[in-house]
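Student: We have chain A already, so just place chain B on it with the hints.
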Amino acid sequence: MSDPHAAIAAVFRIEFPRLVARLARLTRDVGRAEELAQDAVVVALERWPTDGVPDNPGAWLMTTAKRCALDGMRHARIVDAKQRQLARDRDTDLRDVAGELADALDDDVGDDLLRLVFTACHPVLPTQARVALTLRLVGGLATSEIARAFLVPEPTIAQRIVRAKRTLADARVPFEVPRAAERAERLESVLEVIYLVFNEGHVATAGASLTRPELCDDALRIARVLAGLAPDEPEVHGLIALLELSASRMMARTGRDGAPVLLADQDRARWDRVLVRRGLAALARADELVATQGAAAGRYQLQAAIAAHHARAVTAEATEWPRIAALYALLAQRAPSPVVELNRAVAVAMAFGPDAGLDLVDALVADGALAEYHLLPAVRGDLLAKLGRGDEARAEFQRAAELTRNERERDVLLARVRDSALSASRGS
Amino acid sequence: MKVMMFAKATKHTETMQPPTEEALLAMHQFNEELEKAGVLLDLGCLTPTSRGVRVRYSRGKCTVIDGPFPESKELIAGYSLLEVKTLAEAVEWAKRAPFGVGMHDGEELEVEIRPLFDPSEFDVPGEAEERAKRVGEKLGKA
Numbered sequence: 001m002s003d004p005h006a007a008i009a010a011v012f013r014i015e016f017p018r019l020v021a022r023l024a025r026l027t028r029d030v031g032r033a034e035e036l037a038q039d040a041v042v043v044a045l046e047r048w049p050t051d052g053v054p055d056n057p058g059a060w061l062m063t064t065a066k067r068c069a070l071d072g073m074r075h076a077r078i079v080d081a082k083q084r085q086l087a088r089d090r091d092t093d094l095r096d097v098a099g100e101l102a103d104a105l106d107d108d109v110g111d112d113l114l115r116l117v118f119t120a121c122h123p124v125l126p127t128q129a130r131v132a133l134t135l136r137l138v139g140g141l142a143t144s145e146i147a148r149a150f151l152v153p154e155p156t157i158a159q160r161i162v163r164a165k166r167t168l169a170d171a172r173v174p175f176e177v178p179r180a181a182e183r184a185e186r187l188e189s190v191l192e193v194i195y196l197v198f199n200e201g202h203v204a205t206a207g208a209s210l211t212r213p214e215l216c217d218d219a220l221r222i223a224r225v226l227a228g229l230a231p232d233e234p235e236v237h238g239l240i241a242l243l244e245l246s247a248s249r250m251m252a253r254t255g256r257d258g259a260p261v262l263l264a265d266q267d268r269a270r271w272d273r274v275l276v277r278r279g280l281a282a283l284a285r286a287d288e289l290v291a292t293q294g295a296a297a298g299r300y301q302l303q304a305a306i307a308a309h310h311a312r313a314v315t316a317e318a319t320e321w322p323r324i325a326a327l328y329a330l331l332a333q334r335a336p337s338p339v340v341e342l343n344r345a346v347a348v349a350m351a352f353g354p355d356a357g358l359d360l361v362d363a364l365v366a367d368g369a370l371a372e373y374h375l376l377p378a379v380r381g382d383l384l385a386k387l388g389r390g391d392e393a394r395a396e397f398q399r400a401a402e403l404t405r406n407e408r409e410r411d412v413l414l415a416r417v418r419d420s421a422l423s424a425s426r427g428s
Numbered sequence: 001m002k003v004m005m006f007a008k009a010t011k012h013t014e015t016m017q018p019p020t021e022e023a024l025l026a027m028h029q030f031n032e033e034l035e036k037a038g039v040l041l042d043l044g045c046l047t048p049t050s051r052g053v054r055v056r057y058s059r060g061k062c063t064v065i066d067g068p069f070p071e072s073k074e075l076i077a078g079y080s081l082l083e084v085k086t087l088a089e090a091v092e093w094a095k096r097a098p099f100g101v102g103m104h105d106g107e108e109l110e111v112e113i114r115p116l117f118d119p120s121e122f123d124v125p126g127e128a129e130e131r132a133k134r135v136g137e138k139l140g141k142a
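Line by line, the protein sequences give chains A and B. Following this note's numbering from start to finish, the first sequence increments by one per residue and tops out at 428. Following this note's numbering from start to finish, the second sequence increments by one per residue and tops out at 142.
If you're looking for bench data, these hints aren't it; they were derived computationally from the structure. All values reported here derive from a predicted model rather than from experimental measurement. Be aware that one or more of the hints could be misleading.
Claimed, not checked - Pairs of lysine-lysine, DSBU-like flavour, derived with a Cα cap of 30 Å:
1) K95/B <-> K66/A
2) K73/B <-> K95/B
3) K36/B <-> K2/B
4) K36/B <-> K66/A
5) K2/B <-> K73/B
6) K138/B <-> K2/B
Unchecked claim - Distance ranges between label pairs, derived from CB positions:
7) R323/A <-> R114/B: 38 to 44 Å
8) H5/A <-> E32/B: 28 to 34 Å
9) G110/A <-> G100/B: 24 to 30 Å
All C-beta atoms in this analysis are idealised placements derived from N, C-alpha and C, irrespective of residue type, glycine included.
Next comes chain B alone, as it looks inside the complex:
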């Protein structure tokens, strides 16, 4: 199963304070360990929300909102896409992540683990093909 591990933003990530060398090294080693274990599919580090925008949709219109965004605990700072056997395995890997390295008292960082839908789980097999065909026919007519 594929799971997405999201590292939530902190004061530091939002203000682009570089991590300590120790923390950087630990994170590099951890990612390397994931890679060597054959579970890491992809990863990425996000810039602070001051560089981002939001696009909000409502019926009939969309609004573009420039960053930064205030609710830092709900913001995402980075992600790793893992291929694991079970959710428990993803948790086990997450427990080994060195996010606590170099942290001060009272500081916190949260990682959220979310399994991806297995296409077979929410798609009736074959339905996607038929839907694609219908959409294709409609597009053809237009």
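Isolated chain A, as found in the complex:
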């Protein structure tokens, strides 16, 4: 462990979110807080490689950030005399801030982190901006890391974060945890962002590899942090359960050459038991909270319950498909969407036969909402193949292969095109 840069990067990852959260409480401006934290990081990068990492790096960074703020003020005063009065006011503010500083460092940073999470996921921001800002501020990722994870150039992410901070400032978004009436809706936005990050890692929408596990890890980490900050929210635990259970299958999901392996064909011995156990425990917590609060099961909790059925099935054949189909029916009521309906069709087909599933899929085709979604023809093709309708199946797989942007998925779909052609010619 002789590489000082690796050690410094590790300290930043641990300290950055807490630093921004504390600074945001003092400045009441997340954008300004992030800039000050970044300034402190720059100073640390200059000094730590020669001086060594200080004993209490969190306090060091906070003190340095405060000093950067004061320097910034003095600089502004010299540059623009007209702002003298303003700067003097701000200096007074900053002296108060310095007084509060010792308290701030001793306080539990939890409330500030929760405010930070809600602010980064504020609905005034476009979804992509929420994702970038959350990974940066709450996940402690560098912009270069976020850029790599999403396969976009670094300046794009940097721009996205700059614009997001400006939007928050322009909209005068307060640094606070929303009150009761607004809280549920705002929490929904937070959970959605975490879910999006996880999903992008779980099934990369584009690119050469099927998964990007590091994004899943980032999402899980943020979700676990959130559970500590908002322990009484059932859907937070529902989301964690869903993510832990999905992540437990990560290693079994890709086979030789990085090709995807379907759930039924996965080697269940490769599922991560620690994550399965954590997932089931989080689901139990969500169930318990829902029961005591007299609430209805949320969408993430229901999806986790479905994932839990798979996790508990020792073999693919042991899967309780009728129970899963019933859970999908509940989910379709709670959070109706064509994708849920498509998943329900798969479960119904497994439970009651391909004909029953095909009816649901055909209704979706008629509906037209998933016209560009490659899994619709992929599922339809699979059901047709099971019904021995090889020619129709082949056309569906062909269409699915044309629609997907993930190369690994395309390979699998094209293989099924060839298989269907074979079975169709054998059938005739």
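Tutor: This is chain B only, laid out in the frame that chain A set:
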């Protein structure tokens, strides 16, 4: 990446001397910090080796040896399973662990950090499936 942090045994852990309240509190707070940071997956505290056994294997036989075991510096007293970005991050967390709290002069405790294999690192993708299938076929025949 997942890493296992092993706390090695000491004279105190082997004789089941309870830690001071101060040390206990500090350790509790540290674990809570790990949990809140979303890095702690699992942890456990082991009883002294006087309660343990060893099972030693050699060609054709196995021998059961009752504890306690003498080489206390190589014994494990507890573990934490962490999910971190890098080994350096695990080291950074370990540096914050309050194992030194309440220690006397000359006393020492060691923590060993060992990354787990990433399955993709030592398994050729797909090989595990094929091996499992082969084993399944053999079992089916037997």
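Student: Hint by hint, note whether the structure agrees.
Tutor: Results for each hint:
no.: 1; hint: K95/B <-> K66/A; result: holds, 25 Å
no.: 2; hint: K73/B <-> K95/B; result: holds, 19 Å
no.: 3; hint: K36/B <-> K2/B; result: holds, 17 Å
no.: 4; hint: K36/B <-> K66/A; result: holds, 25 Å
no.: 5; hint: K2/B <-> K73/B; result: holds, 24 Å
no.: 6; hint: K138/B <-> K2/B; result: violated, 33 Å
no.: 7; hint: R323/A <-> R114/B: 38 to 44 Å; result: holds, 40 Å
no.: 8; hint: H5/A <-> E32/B: 28 to 34 Å; result: holds, 29 Å
no.: 9; hint: G110/A <-> G100/B: 24 to 30 Å; result: holds, 26 Å
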